[in-house]
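If you read the protein sequences in the order shown, they are chains A and B.
Just so you know, the numbering used here puts 529 at position 529 of the first sequence, and the rest follows in order with no gaps.
Just so you know, the numbering used here puts 154 at position 154 of the second sequence, and the rest follows in order with no gaps.
Treat the hints as calculated values from the structure; they're not laboratory data.
Because the structure is a prediction, the values reported are computed rather than measured.
Among the hints, a few may not be true.
[Claimed, not checked] Covered stretches of chain B, going by a simulated chain A footprint (3 or more residues, C-beta under 8 Å): (1) 51–62; (2) 66–79; (3) 82–89; (4) 104–110; (5) 129–140; (6) 153–162.
[What the hints assert, rightly or not] Chain B is nowhere near these chain A residues, computed Cβ spacing over 10 Å in every case: (7) 108; (8) 287; (9) 293; (10) 349; (11) 357; (12) 562; (13) 625.
[As the list claims (entries may be wrong)] Incomplete in silico selection of chain A near chain B, CB under 7 Å: (14) 6; (15) 61; (16) 65; (17) 68; (18) 69; (19) 105; (20) 580; (21) 583; (22) 807.
Cβ atoms here follow ideal geometry from the backbone N, Cα and C, with glycine treated the same way.
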Amino acid sequence: MSQFSDRIPLPPVDAQTTNLTCHFCIVGCGYKAYKWPRPQEGGPAAADNALGLDFTRPLPPLAACLSPAMVNNLRDKEGQDWHVMIVPDKDCVVNQGQASTRGGMMASLIANGQGVSASRLTAPMVYGGTNWRPAGWEEAIALYAGLTQRLLDAEGPDALLFNLFDHGGAGGGYENTWATGKLIFSGLGTSMVRIHNRPAYNSECHATRDMGINELNNSYEDAELADVLWSIGNNPYETQTNYFLVHWLPNLQGNSVAKKQARFPGETVGRGRIIFVDPRRTASIAVAEQAAGRENVLHLAINPGTDTALFNGLLTYVVEQDWIDREFIAARTTGFDAAVQANRLSLEECSAITGVPVAQLRQAAEWSYRPKASGHRPRAMHAYEKGIIWGNDNYRIQSALVDLVLATGNVGGRRGAGVVRMGGHQEGYVRPPFPGGRPAPFIDEAVIAGQGRMLTAWACDAFRSTLNAQQYRAVVTKRAAIVREAIDQARGASTAELIDIIFDAVTQKGGLFVTSIDLYPKPIGEIGHLMLPAAVPGEMNLTSMNGERRMRLSEKFMDPPGIAKPDCLIAAEIGKALQALYTQAGNAAMAARFAGFDWASEEDAFNDGFRQNESELVTYERLRALGNNGVQLPVQGLENGQLVGTEVLYTERFATEDGRARFQPAPWSGLLPLAQAQKDKYPFWVNNGRVNELWQTLYNDEHNPARMGRWPATLVEIGTADAARLGIASGDLVELYNDYGSTQGMAHVEPGIREGQVFMMAMGRQGVMGDLATTAVDENVLPYYKGTWAAVRRLGDAAYSASVTGKSRHY
Amino acid sequence: MTLSRRNFFKLTGLGAAAAATPGAFAQNAMPGSADAGRQAYPVQPIARLDALVVNQPLDFAYPDAGSACQLLRLGHAVPGGIGPQQDIVAYSILCPHMGCPTSYESSSRRYKCGCHFSVFDPEMGGQQVIGQATQDLPRVLLELDDDGSIRAVGMVGLVYGRQSNVMVQEVSA
Ligand code: SF4
Ligand code: FES
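Model the full assembly from the supplied sequences, consistent with the hints where possible.
Dropping the structure here:
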């Protein structure tokens, strides 16, 4: 928490200034971190503070984004006291000086041993004698590497399970994905790995990639240039806030018309329109109506899981109307006829399945695909996120959507267009190939079935972020307890003896040794045996890219707490230890697999990973020179020593062998059976997703009183009529249950929610939506988290209504 | 230039109210921090209790003329409310995100900011209902006199556009 309330210190002009990319969402807003010795302060005159702002009189509106939450104190390891201020960077083209409520909190979270950060892990923790105790790195790594080696030798790599981040930003980035990939794929060679938010090692975007189109193919500026913005299964005000506010909003408010005129001479242009595809009326829809006027917003409130039918209906209709781009289809694609044939669905059938009136379907098609007055085809940008990714058969929906986009020529270099995922975290992926193939093994089911001996949860917590989560938690906890019981008997055991004891518990007794490598003790770590303390951006140098492939160097300005380390260097420690163990054992072949971890810093990991595999030209120094604007990948080359990037992908060739994008047949086929079975049985569809003020599994937020004051329990939005029928008021505690599990949350009565639907925050702490999620997955093991149905009942009044607002979240 | 504020700042902008009420300064110590300082707030009469109409905000400025605030009587007890019914509250109406003026929507009893759509609940201490600010609506601390007049005596939270709620001015040494 920030120390400040109604007065803040200003950074003096000579304050140390570094660039920091927001840790949190995909947008990757640029921030400046100022650090200066306490109790110095800059003066209020503009010339006397590093912000260059005149505080001798009140600033005019929109002059700054600055609050007490953006300032904090810090005592470093030498005992020097500092002030730290982290504010959004006006010169960053992404956020242009704006902070969202999430990024704006970064200074409140810094590791100063107080407030939120008092809960950080500061040293490795080892379980023993029914308790946790701190340990040095040497001991912790000896235990981890020693047990790993024993299992690897005795049972092979698939005894080693990993739950592993694959993203950018905090708990990710090129340095860290590379280091972990090198250790786990090249070194250990296990295929028993799953990604942070899903039960297998797969892509959220297999379909679009198979069609030759990476999911991040345009620039944020394209949202300013589009005639129509599609927001599909996506709530951008709450989840990609500054992308929406800084780049979509001006278009919806008619403020980018001049830019469009300049870019597209002779073409009819005007204020942008927006089409939402979402069963729920979201906060974003309410905001868009306010910004653009209701007449420019279309909400296609489809029945849950019917996206494929929607896109197929629209595809069939635009082909009939001949609003397609025949020239583009002929020159740059293959498979058009077969896809049109397979996906054929009349507007009437489409309406019957999706529940969207035919008139709305027509209107959407007219806005988006009917040639404009000037004769040009509209520029329609199609943005999607978890409504599709966690939707009813990810692969099929994504194929159907991209078919529609390809038919109308809205990808492949055209500005104001693109078919893009909006994203969750930033990206920052560079790893050796995953050894597990496709479809990847369903790891969480394997764990439940008793497979695997050692599970490492790296910067993620499946207890809060998997499907069938209740059973998963129960089994992992039970298997971990077997190991705990064995360890509890090991009094005075050396590390080597302890390894023997654990080896016996996991190979003979069904136990599972659980390690968590993370910032905080996490629920999945707390039932386990070893915790290793990691670092966040600001405590290490880290590179990632945002949703327009904009890569930045987020610079270190302070140390990690205690003896915590960047994840990449933890991976390196493990790698070096294994190399030493195998060298000792005289196994040169195995030792060689763990070579190349002699890194002194995260920059060494970057040079080994990103530069060897992606682009040699990108160096820390060159990125530093580009500041918070960075460079959009892929890098084309150097101009005057500066990296030159790529604004839009596929201007000439798509990412296929012949350079042509591929249509993929994707006929509508109903709901995945496991989801359908719950739907048949339970009255409420449990939609789920993120909430504006909270970030992912709440790993910071749950320690932040400011956040927990607003959200002391997991949000469950319910409509007025259903709430009245069930006797539920805002602030009440409610239970949700189905055949998979039961969970609970805090009711919030939101008038816009349809009958028979609720919306639950996805990865809460006391209420975990995944407890209700079925094991329905697509052909690549992508979960259908959104395909959840349950019953709802009132548990009682938990007194939340005395401290939590019950007012509508819709503007 | 680097300054130590203790030595180089003096309080200004206390306004006529403070001048007219000698010695009447409220001290709001911010818990747990020397840095937060103890700001000396002016004591300023705002309105008479009997002049307030439920759900109709009353404009005033506090702690100086550059800080727009509103006084609001809600008709039922609310957190932080004063008066016989504990229903009177006051807030800075500058959005704590980036300073656009918020407006009170009486039908929903919410303060709304049209710039980036933050929404605040005056019936819950100014809590952000949804939005992009990193603090709730700054709250004006109120007191009720025996004679029925309401006065502002301090604030919780930083008013947009300021380093300090009570404006400070550099003084040459
Ligand atoms: S919009 Fe996303 S990246 Fe930007 S400040 Fe907010 S959380 Fe951070
Ligand atoms: S200024 Fe009010 S929400 Fe941004």
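Quick rundown of the hints versus the structure:
Evaluation of the coverage hint for the region 51–62 of chain B: breached, as 0 residues show C-beta separations to chain A shorter than 8 Å, against a requirement of three. Evaluation of the coverage hint for the region 66–79 of chain B: fulfilled, as 3 residues show C-beta separations to chain A shorter than 8 Å, against a requirement of three. Against chain A, the region 82–89 of chain B contributes 0 residues with a C-beta closer than 8 Å to a partner C-beta. That does not satisfy the three-residue criterion, and the hint is violated. A count of 3 residues in the region 104–110 of chain B with a Cβ less than 8 Å from any Cβ of chain A is obtained; the coverage claim is therefore met, three being the minimum.
For the region 129–140 of chain B, the proposed coverage by chain A is satisfied: 8 residues have a C-beta within less than 8 Å of a C-beta in that chain, meeting the threshold of three. Counting residues of the region 153–162 of chain B whose C-beta lies closer than 8 Å to any C-beta of chain A gives 8; at least three are required, and the coverage claim holds. With a least CB separation of 8 Å from chain B, residue 108 of chain A falls inside the 10 Å interface cut-off, contrary to its annotation. The Cβ of residue 287 of chain A sits about 5 Å from the closest Cβ of chain B, inside the 10 Å cut-off, so the non-interface label is violated.
Against chain B, the non-interface label of residue 293 of chain A holds: every CB pair exceeds 10 Å, the least being about 14 Å. Its beta-carbon lying about 38 Å from the closest one in chain B, residue 349 of chain A satisfies the requirement of being farther than 10 Å from that chain. Listed as a non-interface residue, residue 357 of chain A keeps its Cβ farther than 10 Å from every Cβ of chain B; the least gap is roughly 28 Å. Once the 10 Å rule is applied to beta carbons, residue 562 of chain A is consistent with being away from chain B; the minimum gap is 23 Å.
With a cut of 10 Å on Cβ distances, residue 625 of chain A stays outside the contact zone with chain B, its closest approach being about 28 Å. The closest approach between the C-beta of residue 6 of chain A and any C-beta of chain B is roughly 5 Å, which is under the 7 Å cut-off, so the hint is satisfied. For the restraint placing residue 61 of chain A at the interface with chain B, the shortest Cβ-Cβ distance is roughly 4 Å, inside the 7 Å limit, so the hint holds. Because the beta carbon of residue 65 of chain A sits about 5 Å from the nearest beta carbon in chain B, less than 7 Å, this interface hint is met.
With 7 Å as the threshold, the beta carbon of residue 68 of chain A comes within range of chain B, its nearest partner Cβ sitting at about 5 Å, so the hint holds. Against a cut-off of 7 Å between C-beta atoms, the interface hint on residue 69 of chain A holds, since the closest Cβ of chain B lies about 4 Å away. The restraint placing residue 105 of chain A at the interface with chain B holds, with a minimum CB-CB distance near 6 Å, inside the 7 Å limit. Interface restraint check: residue 580 of chain A against chain B, minimum CB-CB distance 47 Å, threshold 7 Å, status violated.
Restraint check, residue 583 of chain A versus chain B: the minimum CB separation of about 51 Å is more than 7 Å; hint violated. Taken as an interface hint, residue 807 of chain A checks out: its beta carbon lies about 5 Å from the nearest beta carbon of chain B, inside 7 Å.
Hint compliance for this structure: hints 1, 3, 7, 8, 20, 21 are not met, and every other hint is.
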